[in-house]
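**Q** When you get a sec, could you build the whole thing from the sequences and use the hints?
Number of protein chains: 2
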Amino acid sequence: MAKSISFARGAPSLDIVDVQGLRAAADAAFEADPGGMTAYGTAIGYPPLRAWIAERHQVAPEEVIVTNGSMQADAFLFDALVEAGDSVIVERPTYDRTLLSLRNRGADVRMVELEPDGIDVAAVERVLAAGARPKLAHIIPNFQNPAGYTLSTAKRERLLELARNHEFTVFEDDPYVALRFEGAPLPTMVSMDGENVVYASSFSKTVCPGIRVGYLVGPAEIIARIVRIATHTYISPNMVAQAIVHQFCLSGALERSIEKVREALRERAQTLCETLERELPDARFVKPTGGYFLWVDLPRGTDVAALFEAAAERGVLFVKGSDFVLDGAESSLRLAYSGVTPEEIEEGIKRLAEAYHHLTAAASEDAA
Amino acid sequence: MAKSISFARGAPSLDIVDVQGLRAAADAAFEADPGGMTAYGTAIGYPPLRAWIAERHQVAPEEVIVTNGSMQADAFLFDALVEAGDSVIVERPTYDRTLLSLRNRGADVRMVELEPDGIDVAAVERVLAAGARPKLAHIIPNFQNPAGYTLSTAKRERLLELARNHEFTVFEDDPYVALRFEGAPLPTMVSMDGENVVYASSFSKTVCPGIRVGYLVGPAEIIARIVRIATHTYISPNMVAQAIVHQFCLSGALERSIEKVREALRERAQTLCETLERELPDARFVKPTGGYFLWVDLPRGTDVAALFEAAAERGVLFVKGSDFVLDGAESSLRLAYSGVTPEEIEEGIKRLAEAYHHLTAAASEDAA
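Those protein sequence lines, which keep their order, are chains A and B. Counted from 1, the first sequence has number 81 at position 81 by our numbering; the numbering is strictly sequential. Counted from 1, the second sequence has number 331 at position 331 by our numbering; the numbering is strictly sequential.
Hints are computed from structural coordinates only; laboratory data are not their basis. For clarity, every value in this text was computed on a predicted model and none was experimentally measured. Possibly wrong hints are sitting among the right ones.
Put simply, identical chains are the same to the list, so a pair is met inside one copy or across any two.
Below, simulated SDA-like cross-link-like pairs (lysine to any residue); rule was C-alpha separation at most 25 Å, straight line [claimed, not checked]: (1) K3 x Y40; (2) K287 x S322; (3) K350 x S331; (4) K320 x T231; (5) K320 x Y40; (6) K135 x H232; (7) K350 x E274; (8) K260 x D27; (9) K3 x P34; (10) K320 x T275; (11) K260 x P34; (12) K135 x R105; (13) K135 x E115; (14) K320 x I235; (15) K135 x N104; (16) K260 x G35.
**A** Given below as structure tokens:
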């Protein structure tokens with residue numbers, strides 16, 4: 001079989017990771033602060049990195065906790081705010097790991113349709129009017145996983161208004177924010193309302209995933225509660241990794257890395273869209289303006305579970321749309337273009353189209 | 001006030017951390033496996049380090065998970081095995097964070113007296129005979145925290161027999177095992193019984209705490225359950241840190257580091273015992289043969305809470321014995337000698353003795 005091409009995982013290919021920059025950052029960190037990075041720290045994270053993040057977000061350090069990756073941060077936040085039976089609003093579709101994490105906690109997950117300009121806030125209003133009392137609304141505002149869509153400024157404002165009036169917290173989950181490749185960045189919700197928002201982001205998409213450094217920004221009282229949970233869980237997160245990230249940020253490598261990643265992703269997204277249009281004209285999608293993902297709707301009735309099998313036989317992997325919802329999305333799929341080169345994208349989409357045409361031909365024969 | 005001297009924290013001083021070895025290991029790791037260490041891994045840990053640990057313990061890789069520090073490993077193990085209301089046997093005294101972690105989970109904690117040759121197994125038998133059905137017995141077999149005591153081979157055997165007969169798991173929590181400075185090492189319980197033991201250890205005491213790399217060894221079925229919990233919590237632990245530790249192990253730096261730490265601790269323990277005998281002859285203790293800690297019993301009726309205050313006024317810190325039990329131990333304290341030089345130990349114990357004599361003089365005056 002031909003070499004496997006994976007559109008499955010939201011992870012960067014090695015060619016867009018600044019390995020030499022990381023190596024230099026590690027060396028600089030051991031030179032600059034051997035004591036601080038080798039000792040136990042505390043659960044707040046490596047203090048210089050925490051201060052750097054706080055300054056970047058123009059908040060006090062007490063409003064920041066730096067964790068072992070942002071998924072660990074999510075888990076702490078859910079531990080702090082969500083009990084079994086609590087309602088939580090999420091986007092439909094949404095990140096499968098978040099969905100699983102909430103369901104494992106026994107949360108009453110309320111999925112609200114995601115539109116190309118973000119969550120359907122009118123539908124959120126209807127859910128609230130019908131009596132839901134959510135603790136949290138989980139929102140991926142920029143280049144959403146899995147859909148690639150971005151929440152408009154007007155919808156950000158309206159959502160915050162609803163959060164204030166209905167006393168729920170907006171969990172602004174924003175790992176892709178730096179990866180915009182066209183248009184101007186939109187204001188973060190945490191910068192618009194410091195009281196009702198907890199913001200999460202990470203260096204996984206701008207430095208590398210293996211470094212496992214993420215963080216939360218939020219009201220000092222909530223952060224203090226999460227620091228206590230984190231202390232009981234692991235004493236302190238990885239000080240060596242956080243000191244390396246701190247030096248990576250200080251040296252200017254972060255900005256260079258972001259620029260490189262953006263350029264590569266812009267090109268990959270462009271190639272993906274063009275190849276889809278050419279090879280698989282039945283695919284409906286919104287051209288991404290940033291991030292890792294493109295969501296494809298195929299004609300109603302397309303069996304994406306069968307397409308998944310047919311594509312796998314041709315050495316092409318993707319994630320089925322149904323993985324990102326509680327039910328439905330059987331004719332949709334997510335394509336991650338972060339880990340594949342333009343050449344692999346062209347080849348992979350050709351094979352995907354072949355699998356699709358094979359299926360539809362078989363279906364017509366069945367119908368005949 | 002004079003410079004503060006802390007016998008409080010179980011952490012190494014910077015002079016016994018091999019910073020240059022770590023720096024070289026980081027460089028070697030980025031050279032050897034940039035792809036593996038910068039990508040998302042999986043929750044099993046960095047595969048080459050997992051394989052190295054498995055070989056060291058002569059088990060299959062499937063019997064090992066490498067985590068972000070061993071306290072995180074403990075938390076996963078408790079998540080997997082302990083539900084609210086479940087009985088768990090622990091040593092009295094025991095590590096305060098373990099005690100808190102079990103109590104936070106609503107476990108029914110049964111403390112069993114720790115003797116200089118380890119937990120009182122006859123008392124464990126009585127607890128079992130009285131009808132307790134523990135899920136777990138948490139044991140720190142070598143140079144116990146806080147007492148510094150080591151479990152004898154005969155007691156290891158008896159405990160495993162009880163575990164088999166009463167169907168509980170022995171949680172062998174062994175971070176200090178490599179830090180023996182006299183006598184021959186005893187067999188680990190996990191090497192004596194691969195079915196009823198889950199073993200935890202860490203590189204915090206042999207490489208450095210800030211690197212946050214710990215691990216579990218246990219039956220493949222339990223490890224697989226913990227891998228699932230870990231996946232849902234953080235996808236993967238820190239690959240960069242684990243790759244650095246792996247290179248540190250491969251290069252021989254680990255053995256050199258252990259030798260250096262052992263030598264330093266042997267000298268510190270020696271100085272501590274001699275200074276206590278000279279300055280504070282009321283102190284009763286067992287001379288440590290390894291590890292970080294020495295447990296001091298003062299004469300019955302000594303108010304160690306008051307001593308803590310009087311010592312703090314003189315710039316000396318320790319942890320009260322009462323922090324390591326559910327109740328009692330009011331006349332005991334833990335002295336950690338891992339983070340203080342011999343000179344600091346002499347000066348610190350002089351001040352501690354002065355605080356003690358101040359208290360006892362005041363008490364005699366009250367009695368007069």
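**Q** Can you list which hints this structure breaks, lowest number first?
**A** No numbers; nothing is violated.
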